[in-house]
Amino acid sequence: MNAAIRTRGLRKVFRDPERGEVEALSGIDLECREGEIYGLLGPNGAGKTTTLRILATILAPTAGSAEVAGVDVAADPLEVRRRLGFLSASTGLYARLTPRETLRYFGGLHGIDRDELAARVEELVATFEITAFADQRCGGLSSGQKQRVSIARAVLHDPPVLILDEPTTGLDILGTSDMIEFIDARRSAGRCILFSTHILSEAERLCDRIGVIHRGRLLGAGTLAELREQTGRDYLDQVFRALVEDA
Amino acid sequence: MRAALAVARKELLTGFRDRQFLIYTIALPLALYPVVFWVMIQAMLVMEGREERTSVSVLVAGAELSDVRVALAAPPKDLPPGKVELFSEPPGLTAEEATARLRAEAPEAVDAVLVLSSAEGATLYYDASRSRSELARKRVEERLAWLVDDLRTDAIGGDARDLSSFATRRVDLASDEDTSAYVLSFVLPIMFVLMAVMGSFFPAIDLTAGEKERGTAETTLLLPQPRASILLGKVVAVAAFGAIATVLNALGLIVAAEHLLAGLGETDLAFDVPWSAFPAAAPLLLLFLLTTAAILVAVASLTKTFKQGQSMLGGVQMMFLAPAILVALPGVELTPGLALVPIAQTVLAFKAILQGEGATILGELVLVAGSQVVYAGLALAASLRLASREALLLGGESAGRLFQLLRAGGAPK
Chain H
23 MNAAIRTRGL
33 RKVFRDPERG
43 EVEALSGIDL
53 ECREGEIYGL
63 LGPNGAGKTT
73 TLRILATILA
83 PTAGSAEVAG
93 VDVAADPLEV
103 RRRLGFLSAS
113 TGLYARLTPR
123 ETLRYFGGLH
133 GIDRDELAAR
143 VEELVATFEI
153 TAFADQRCGG
163 LSSGQKQRVS
173 IARAVLHDPP
183 VLILDEPTTG
193 LDILGTSDMI
203 EFIDARRSAG
213 RCILFSTHIL
223 SEAERLCDRI
233 GVIHRGRLLG
243 AGTLAELREQ
253 TGRDYLDQVF
263 RALVEDA
Chain L
1204 MRAALAVARK
1214 ELLTGFRDRQ
1224 FLIYTIALPL
1234 ALYPVVFWVM
1244 IQAMLVMEGR
1254 EERTSVSVLV
1264 AGAELSDVRV
1274 ALAAPPKDLP
1284 PGKVELFSEP
1294 PGLTAEEATA
1304 RLRAEAPEAV
1314 DAVLVLSSAE
1324 GATLYYDASR
1334 SRSELARKRV
1344 EERLAWLVDD
1354 LRTDAIGGDA
1364 RDLSSFATRR
1374 VDLASDEDTS
1384 AYVLSFVLPI
1394 MFVLMAVMGS
1404 FFPAIDLTAG
1414 EKERGTAETT
1424 LLLPQPRASI
1434 LLGKVVAVAA
1444 FGAIATVLNA
1454 LGLIVAAEHL
1464 LAGLGETDLA
1474 FDVPWSAFPA
1484 AAPLLLLFLL
1494 TTAAILVAVA
1504 SLTKTFKQGQ
1514 SMLGGVQMMF
1524 LAPAILVALP
1534 GVELTPGLAL
1544 VPIAQTVLAF
1554 KAILQGEGAT
1564 ILGELVLVAG
1574 SQVVYAGLAL
1584 AASLRLASRE
1594 ALLLGGESAG
1604 RLFQLLRAGG
1614 APK
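Protein chains in written order, with my numbering: chain H, 23 to 269; chain L, 1204 to 1616.
These are calculated hints, taken from the structure and not from any lab test. Note that CB positions come from ideal geometry on N, CA and C, so glycine has one too. One thing to keep in mind: the hints can contain errors.
As the list claims (entries may be wrong) - Distance windows between CB atoms, simulated:
{"#": "1", "chain 1": "H", "residue 1": "T84", "chain 2": "L", "residue 2": "P1539", "range": "48 to 56 Å"}
{"#": "2", "chain 1": "H", "residue 1": "D94", "chain 2": "L", "residue 2": "G1580", "range": "25 to 33 Å"}
{"#": "3", "chain 1": "L", "residue 1": "G1534", "chain 2": "H", "residue 2": "P39", "range": "30 to 38 Å"}
{"#": "4", "chain 1": "L", "residue 1": "G1580", "chain 2": "H", "residue 2": "P39", "range": "25 to 33 Å"}
{"#": "5", "chain 1": "H", "residue 1": "R136", "chain 2": "L", "residue 2": "G1580", "range": "31 to 39 Å"}
{"#": "6", "chain 1": "H", "residue 1": "G166", "chain 2": "L", "residue 2": "P1482", "range": "34 to 42 Å"}
{"#": "7", "chain 1": "H", "residue 1": "P39", "chain 2": "L", "residue 2": "A1525", "range": "27 to 35 Å"}
{"#": "8", "chain 1": "H", "residue 1": "S165", "chain 2": "L", "residue 2": "G1580", "range": "24 to 32 Å"}
{"#": "9", "chain 1": "L", "residue 1": "V1535", "chain 2": "H", "residue 2": "G67", "range": "42 to 50 Å"}
{"#": "10", "chain 1": "L", "residue 1": "A1485", "chain 2": "H", "residue 2": "A211", "range": "28 to 36 Å"}
{"#": "11", "chain 1": "H", "residue 1": "G162", "chain 2": "L", "residue 2": "R1205", "range": "25 to 33 Å"}
{"#": "12", "chain 1": "L", "residue 1": "R1205", "chain 2": "H", "residue 2": "E144", "range": "33 to 41 Å"}
Chain H with its partners taken away, still in its complex shape:
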């Protein structure tokens, strides 16, 4: 399988007015393949969101390189954004647009042809069961409804790579279940999904491979079986702890 996401020596330094230079990432090497769910596991502040934001071209790396669907994020960020679907708790919806208008707006800026876009919007509205509130303003929707619209927005252009930053944060049981089903369905469609989480059960259930990140460094990566073998522990929380303690 080809690598859909690849980073080499990815480093990110922020300049904080109070703390000076803060190294958020210290040389991350990551590889996620087509048709694979890759879970980036780590505590708060480990560097998960920074990694994902660099891949989504929201932030620029300080050093190292990153490629999404074969395109370098620094060389051609526009093309990366065209090949990527990104969803996080902070990618909110425009409160004064309706779900249909949101999808049309994003589709238009993705350069999708008008007729094709109209058909695609209706397809997504039906697929994600948005019909009942498709013409209500997003600001008045429930968090579950917003989540469905956000997912539809992220996959509108059918990207080969999907990056999800803690996708189940703030969702209730049904919302979480829908999200897990959605991630699974994207894998079945042959897409690469990279998602960050600090919920061990989610990673254990969904991921083909897991990367454990802590203090800006990737401490270990592989299938759950490989990580168990590497650390000699059975459960993921023990695996995580062992990797952190060894570091």
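Since the structure of chain H is provided, determine the placement of chain L on it from the hints.
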């Protein structure tokens, strides 16, 4: 450019769905001036009525002249009405005594003291800091002037027409449009700057700090279009909101002035708006709106909450208004030097165009337009540079780091 227009269209659509936008950009400009003018006129009428009903007391010293007493107490019908209550004093009242009567506590106090002397003529003592005293002065002067005219008429044999050759007849060569243009040239340029800034104020914050606060800044950054196009779309939307607010404000002001001032009847101001001046000034005004929008967006992008945005742009608003007010004063003309000064150039150019002097200062107007294009470009470049700073994309920064941020490297394009 297509992407910028798509972003601008979306921002305008969402803007018009916001109640605050509708109130501040449309409802307020349309309602404000008619209401303010109506209240002013009503207040003037009430004051006029109250003045007529107010009785003033005047102490007349040395008033053996019964004509004066009659003229003061019972004026002819063509003079403004109003009762004057007279008190008499024998001749020889000194200035100190007159002052003491004016300053005395009620009931001895009078509103004015008129001392008549055949040697020195009439002396009127009053207190300009008291409204009743001021009213008493006005009535006494009007009525004495009428009495003097009457006495002169009698002196020449009783025919007032013999005095007509001494009367001055005024002939105003300015048309109503010229007069209106002159009056508007002092009001509209300042109004324009004020409204352009105020109309852009709220949208500039909403599309920058507002996006961060609502959690949609990251969503916008994911749009598969160059950040410059997205920023340009936002600036165009902010400029459009500024233009809408400005046009509605100007219309509200002109229509209210035209209809309500005309309703006062006795005013000399016959409003005939110089509409032809507006298309001539439009390119300069549009460039100013674009520059203003770019500056406000750049400054607002330094903040991360609506509240921070409001306090930071409040200072910027003053920086726009101060030069506008200074150069709008009578006597300040558009010179080649002033044609290069931001803000002042727009006010003076608009003022000159309104006064119909555009053709005579074409060179200065070309300088204004050229430098405005440069300033708009610089403002857009600075806005883009700031808006692409990583430190500002999702969070905020302090204004103190403004220049450092303008120099530093940025996020992906």
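Hints versus structure:
1. Between H/T84 and L/P1539 the beta carbons are some 49 Å apart, a value that agrees with the proposed interval 48 to 56 Å.
2. Remark: the range hint 25 to 33 Å for H/D94 to L/G1580 is upheld by a beta-carbon distance near 31 Å.
3. In this structure, L/G1534 and H/P39 break the distance hint of 30 to 38 Å, their C-beta atoms being roughly 48 Å apart.
4. In this structure, L/G1580 and H/P39 meet the distance hint of 25 to 33 Å, their C-beta atoms being roughly 31 Å apart.
5. Take H/R136 and L/G1580: their Cβ atoms lie about 33 Å apart, and the range 31 to 39 Å holds.
6. At roughly 53 Å, the beta-carbon separation of H/G166 and L/P1482 lies outside the given 34 to 42 Å, and the hint is violated.
7. Between H/P39 and L/A1525 the beta carbons are some 31 Å apart, a value that agrees with the proposed interval 27 to 35 Å.
8. Distance hint check for H/S165 and L/G1580: the Cβ-Cβ separation is about 44 Å, which falls outside the suggested range of 24 to 32 Å.
9. At about 59 Å, the CB distance of L/V1535 to H/G67 disagrees with the hint of 42 to 50 Å.
10. Checked against the hint of 28 to 36 Å, the pair L/A1485 and H/A211 fails, with Cβ atoms roughly 54 Å apart.
11. Checked against the given bound of 25 to 33 Å, the beta carbons of H/G162 and L/R1205, roughly 31 Å apart, stay inside it.
12. Checked against the hint of 33 to 41 Å, the pair L/R1205 and H/E144 fails, with Cβ atoms roughly 24 Å apart.
The structure is inconsistent with the numbered hints 3, 6, 8, 9, 10, 12, although it conforms to all the rest.
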